[in-house]
Structures are given as C-alpha cells and as structure tokens.
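Dock chain B against the given chain A, drawing on the hints supplied.
Chains as they are written, first to last, in the numbering used here: chain A, 1 to 319; chain B, 1 to 302.
Just so you know, these hints were derived from the structure itself, not from any lab.
Where a beta carbon is used, it is the ideal one built from N, C-alpha and C, also for glycine.
There could be a bad hint or two in this list.
[Stated by the list, open to error] Computed footprint of chain B on chain A; a stretch qualifies when at least three of its residues, placed anywhere within it, have a C-beta under 8 Å from a C-beta of chain B:
#: 1; segment: 24-31
#: 2; segment: 39-49
#: 3; segment: 87-99
#: 4; segment: 217-229
#: 5; segment: 251-259
#: 6; segment: 279-289
[Said to hold, decoys possible] Simulated DEER-style distance windows between Cβ atoms:
#: 7; chain 1: B; residue 1: Tyr50; chain 2: A; residue 2: Gln126; range: 23 to 31 Å
#: 8; chain 1: B; residue 1: Leu281; chain 2: A; residue 2: Phe125; range: 20 to 28 Å
#: 9; chain 1: B; residue 1: Gly63; chain 2: A; residue 2: Asp282; range: 46 to 54 Å
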Amino acid sequence: MKKSEAPVRISAAGSAALSQRSGKTLGQRILENWQLYALLLIPVVLTIVYKYIPMYGIQIAFRDFDPNLGYLGSRWVGFDWFVRFFKAPTFWRMMKNTVLISVFGLLWSFPVPIILSLIINQVRFQKFKRVVQTVLYAPHFISVMVICGMIKIFLSPTGGLLNLILGTQIDFLTHSEFFRTIYIASGIWQDAGWGCIIYLATLANVDPGLYEAAKVDGASVFQRILNIDIPELMPMVVLNLIMAAGGIMNVGFEKVWLLQTDLNKATSDVIAVYVYEQGIVDAKYSYSTAVGLFNTVINIALLIVVNKVVSKASEVEFV
Amino acid sequence: MASAAARKKTSAGMSDKTSDIILVAICAIALIIVAYPLYYVLVASISDPYDVYAGKTFLLPSGFTLDGYKAVFADPKIVSGFLNSVKYTVIGTCFSVIMLYITAYPLADKNLPGRKWISLFFVFTMYFGGGLVPTYLVVQDTGLIGSMWSLFLPGGVGVGNMIVVRNYFQHSIPHDLVEASEIDGCSKFRTFISVVIPLSLPILAVQAVFAMVAYWNDWFTAMIYLGGKGEPLPLVLRGILMKSSAAQEQAAMISGGYAELNKQTELIKFCSMIVAAVPMLIAYPYVQKYFEKGFMAGAVKG
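For reference, chain B alone in the conformation it holds in the complex:
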C-alpha cells in the first residue's frame, strides 16, 4: 500500500503549484472570452463611431462622447419602452412570485387530501401543452389581446420553480415551528404569512430575480399578444438592432462613408443595448449566493 502511494506520487508528477497555475489560467481565459464582448459594447457606446469602425477601440474608448446616451434618453420610443418594461417587470414579478407561493405552500403540506393529484395536475403542464396557436386562441377568447395581463396570466404557475419552492418549504423550514404556530391557534393562512414566508426569504429573493429577468427580457409574448401597443424595451430594440442594418449599409456604400445620421444610429445601437442589459446585470449578484441553494432544492425529490 505504501509503495503504491509512493508510485502514485512520482507518476503524478505535477506539483500543486503547477496545477494551480493551469487551473487559474483556464478560468482566466474563460473569464476574458465571456467578459470581453460585453466590455467592448460598453467601450463602443462611449466612443466615436468612426473610431469603432476603424478598430481603434479594442481596449480603451476613443474620442469619448456621451452623445449616444443623450440620444437614447431623448428618443421617446426608447424611453416609453423602458418605462413599459419597468411596469411589466414590477407587476409581473409580484404576480409570478405570489402564484409560486400560493401554489407551493398547500402542496408542501403532506397531509393535504388530494395533494398528489393536484401536484400531478400542475406537473403535467410541464410536459405537454396546447402549443402556440391553441393558447393564442384562448388568450384571444378571454379578451386579453392588447392588454398587459396577456403577459402574465397565460404563464400561470411556473411549475419547475414551484417545485423548487415547495421542496424548500418541505426541507428547509423546521416543521416543528409550523406545528407550534398551529398549536398556538394560528390558522393555516396565518402560519403561511407569519412563519413560512419570513423563513423563506432566500428562495423568495432568487425566485423574484428569476421572474424579474424573465419579464425584463421577454419580447415574444409581447410581440404576439400586445398587438403593437405598449411595446416593452426589447421590442423597441428590435426595430433599432435588427431591421435597419441592411438598408443602412447600402446607404453607406452608396454615399461612400457614414453620414452624420448613420453615425448617430450606430452609437444608439451600442447605448441601447447597454441600457437594456445593465439593470439585470446589476440586480443578480445580490442573490448569487442563493443560486446553488435554489437549484439543489429543485434536485431533491419531494
């Protein structure tokens, strides 16, 4: 046994220091690959578009300007898109989190008659659904087309996340606390409000951030259900980022250079992407430490 260990030591060859360097180097490369494109957009958003085109902005901004951001915040479409997105995100997040909680709490109670069937009723919708058109027809029949509620109600309960919350209730909230509060005469509802919710703040924070990100970034639901009214920011961005480029490039070829107007639109592209991405990038690190907990709660079978 001792000789086998010794042999291993020699065959391993690599000292811990060397392997540390290799591990850190690989992580650093991954870090750069992920961070650089984001950094580049940031740099380009405050640089002179001519310099961006000439490739002068790989590392540092060139010809510093805030014109792009000024133009973005002066554009009524972008501003209203931003405000719409804020509104949808706030209401949608509250709606989604409330739905998760009021579904997960009853289903976490192992003594609830019919619990298995009700769970199955929800879980089934994870694997099978009506699809795009049948759902669209129901949204239409319930009169939600063009209304903000079409963004929230058809989503119903996020079943995957609901299971995570339910498992958290079951495994991470001491059952004797719940028992004690019920013996003290608290109703199930009162226990939910004053014992379970305060004890589940970490998972609440994670779910709120997930919902927030989903609503802030959503555009497909808005595109099919809102019918052009009250467009959220990503849909406004679509007009800026996706549609115009071919026409612009042609115009640029013809005029043999970038006209002042094009210069502005190029700058707006970078700035509007930053405006759309930054709020969520600021929000998530606060709950990052709870991510793993949230995911593992989902992996435990309940």
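Looking at chain A on its own, in the form it has when it is part of the complex:
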C-alpha cells in the first residue's frame, strides 16, 4: 500500500483547491456536472426498475396476488401467508436445517482461511508461495454445477473415488447424516483459498521492521505469528465475522438444490429451496414472497444485532 500514499496526499490537496473556487450556486454546480449525471442515468434507471420496483412488489406477501388485478388491486390478507408458513409441516425442519448448515458452516469454514494465510504469509520461498496461492484460488473459479458434478461422481457408490479409497459402497448423498459434512467440506475446498486473499493483503502491510525486531529478540515463527500477525489481522477478522453472521439465514440455494435427494431431505431441506419451489415452480407468488421476506427480515435483524455487539467490543465499524 506504500505506493498509493503519494496520490492520496495529492488528491487531498487537489480537492481543497477545488472547494476554494466553488463560490457557485448549486444550480451552476449541477449544470457543470451534467455529463456525470448523464453517465449515471442508465444505472439509476436499471436500479429503480430491477431493484426498487421489486421492493415495492414485496407487498404481495400481504395480499392474495392475482397478476390480472395488479399489486394494488389484489385482496389484502395481512399476515395470512406468514401464518400458513409457520404452520407448514416442514417449517421447523427448514428453520433448523437453514440455521444448522450456516452455523456449522461458519464454525468450520471461517477459521480455515485465517490459519492458511498466517502460514502462507510466513513461507519464505516466493515462487513456492505463488504456486500455492494460484492453486488454492483455482476452485473458486469453477461453476457450482461442476463442483456438484464432481461431488456426485466422487461420492458415487459404484466406482466413486471416496468409496474406492475406503473400500466401501456407500451412497453418501442418500444418507441425510452426511449432507452437512458434504456441503461444508466441499465449500471449504472451493473457497478457503479464495478467502485468504483479503488476509494475505492485510498481512502484506505489516511493517517489516516488526519482524526484524522480533528476530533480534529471538522470536520463533510461531511467536511472530502469535504476537505480530494475529493482532494485525484481528480488525479484518472481526469485519468478516460480522458480514458472515449477517448472512446466517442466507444458505446458498444452488448447491443445496443440486445435491438434494429425496433421501437426504431431513437435513437438506432449507428455506431458499422452498422459496424457489413454491414461487417459481408452483407459481404461488404471494406465499413464496412472504417466506422470502421472513428470511430477509431475520437476516437484517441478525446483521444489526451482531454489528451492535461487535462494534461495542472493538473500534471496527461496519461499513
């Protein structure tokens, strides 16, 4: 980050000079910048149409939506759809599965990139380090579809890699007790390396003088990691933790849906899949919207709570 310091200083001076000569009225300043507003026109229109109008459309969660009658013409039903969802036979199973996949996923996959980057950062052979990083990033660039194809083939009871190694013939994807492990382990395999980038970038900013001083003091690599690297990494870790905690109800739809079989539904039935099946497959628009909204509201509440708790405990602020 050393390189970028110079431009920052210059830009600070530059903007000070700019604000000095802004003795103009607001109208003049807007007119002066008309080209910038013109650039923003298309993004703003698209965002209104495809982001804000759907927000307005959320009201169908409280209505019995009929496409012919429109949003406002459809009958108001209040919280009926929500009540129906809470009474659905699979409601508690879905809640439990969604939360458990997330919580276990967070517990297992959150520490891996931190540990990996602490180790990679201390490797002194630059070429080897580059190779390790390149390979560890690779799975992130592979489609979930291909990842699930690999999972399916590797776990196949006939000739699957895992069964060949174990000498067994287990059909892992039909056993609900394996589902979470499969989901989380493959997630770590795919994204742990990618998760290192932000930590490695943070560690690259550690003042080399600190390492020199530690060496003079006779600190081992382990002590350097413990006393220099970990404190340096903490703010970033906290920030990422807040982000992750806020997304706890956001179990990705794609992988669960692709790996779901009738026999593992006891642990693989999650809210995201339900929203899709009810809304797009069965076209129960209002009901699906209500379920999705319920999920979003819990997420936002979690985000706010976690942010409050953590920002009290540290000076990191959630952007």
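Below, chain B without anything else, positioned relative to chain A:
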C-alpha cells in the same frame, strides 16, 4: 532486557530451518488436497471408464482415449451450450464492466452535488431487495423472459464491485492529472475516457475477470429467466451430471456391468466438466497479481 531476549531464544527452541520445513509441508498438503480432485477428473477424462471404476487411475491415466472429448464436441447440445455461454459471457462482461465504470466515476467526484444520496441509493440495494418472486415478476413485466437480456439487466450495477472501483478512482489515480486535463479544457466525459480509464487498467482487468467468471458459471438466472431457450453450458451439464445417474446405476445393476452406452456417458461426464472449467482456470492467473490490490481498494472507506 538482554537476558529476556536470551531466554526467549532458548524457549523458542525451533530453528528457522525446522519451521520452514513445517510451513512448507503444511502448504504442500493444502496444495495436494485442492489440486488432486481436479487432477483426478483430468486423468479420468482421458482414461478407459472401466479402469476408472476399478480404481486404476489414481495417479496416471490408464487405457488412454480421447473418445470422451470427441463425443463432447460431437454433441450438438454441449456445443450449442458452449457457444451460448461464450456469447453471454462476452456481452455480459462488457455490460457489467461498463455499468461499474459509469457508476463509479461520477460517484468518485467529491464535488458532485447529491453524491452522498446517489451512493446511498445504490448501496441500499446491497442490504435489502425484493427477493426472488417480486424480481421475477418485474423481469416478466418488462418482457425479458426468454431473452438473453434477462441475464444482464436485472443484475444492474454490482454495488460491492462498484465501491471497489470508486475507491480505486479516488485513491490510486493522481488527482492533479484529472485536474490538469480539466484545466486544459477537457470535459468531464473526455477526462473519463482519456485519463481515468487508461490509468485504471489493473482494476479493469480484475473486474472483467470477475464478471467473466460470474457469467460463465451462472445457471440459476438462466434457468429461471430463459425458459429453456438458449441454455448456457452449465445448464446443459446439469442434464448430463445430475439427472441421469440414478437411472443409469439401476440399469447397470440389472445388466450386471456397464454397457457400451454407459461407458460413453461416464466418460462424457468427466470431459464436459473439464470443458466447462478449463476456460476460467486459464484466464484468472493473468490477473492474479492484481487481486490483492482490488480487494484492498474495497476495504478502504471512501
């Protein structure tokens, strides 16, 4: 102080050489865990499926064959899926990068009246959205179902990435260059084209690769909006990888072995995964050195 340092030295115990070996060993293990499954798929894609089933292909291909790849490139569905994916990826990447740039550049100008509100207008959509069905209904109402544009337009501006680009404009492009070009009589637009864009190529490359990967790998948007028309490669793969396996395994049990047809389909599975994954795996190392820069630009508060 000196004695404390000495004590530390003895208590540390581990020499730098030993710790080097341990660090490298851990990295090597991680390397193997990540690389081996990919390597195995590659090996299996050029091996005799019988040998793969018998576990003869752990390290080296056995019974070398290119039949799988021949079959993949002869399959009209896979070929058209591949071409569709290329088309969506090229157009989508251009669209996404242009959207990022034309949003980030105005918002990087600290003197733009209303800048804070416009930023908030975009950032809000990161935390709250209409959800699946309300968005689907708007896509339907705007007549995009079945059209390629349904893959690009509803995504709008990638706000997280837009912030990264905006911060890059603010912190990594010398402000006096922008000033100088404006004093020389360049319009804001001209400055954007001839000063800002050429100076931001590293971040442009990273964003282009991110967009490329996202479009190449996307199938969910295509599944719900395209209505079965012009399926991209991952959706074609779904038919090959996900649906058939149960029926096939049953057939195999009944016939007591793998028929010639099954042999072919097994081989196609491995080959089609390679065909789907390799283009992106080739593309990303070129911009890898810019990743950290791109991420840190996002971490700076602007």
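These are the hints, each one checked on the structure:
| no. | hint | result |
| --- | --- | --- |
| 1 | 24-31 | holds (count 3) |
| 2 | 39-49 | holds (count 8) |
| 3 | 87-99 | violated (count 0) |
| 4 | 217-229 | holds (count 7) |
| 5 | 251-259 | holds (count 3) |
| 6 | 279-289 | holds (count 5) |
| 7 | B:Tyr50 with A:Gln126: 23 to 31 Å | violated (44 Å) |
| 8 | B:Leu281 with A:Phe125: 20 to 28 Å | holds (24 Å) |
| 9 | B:Gly63 with A:Asp282: 46 to 54 Å | holds (47 Å) |
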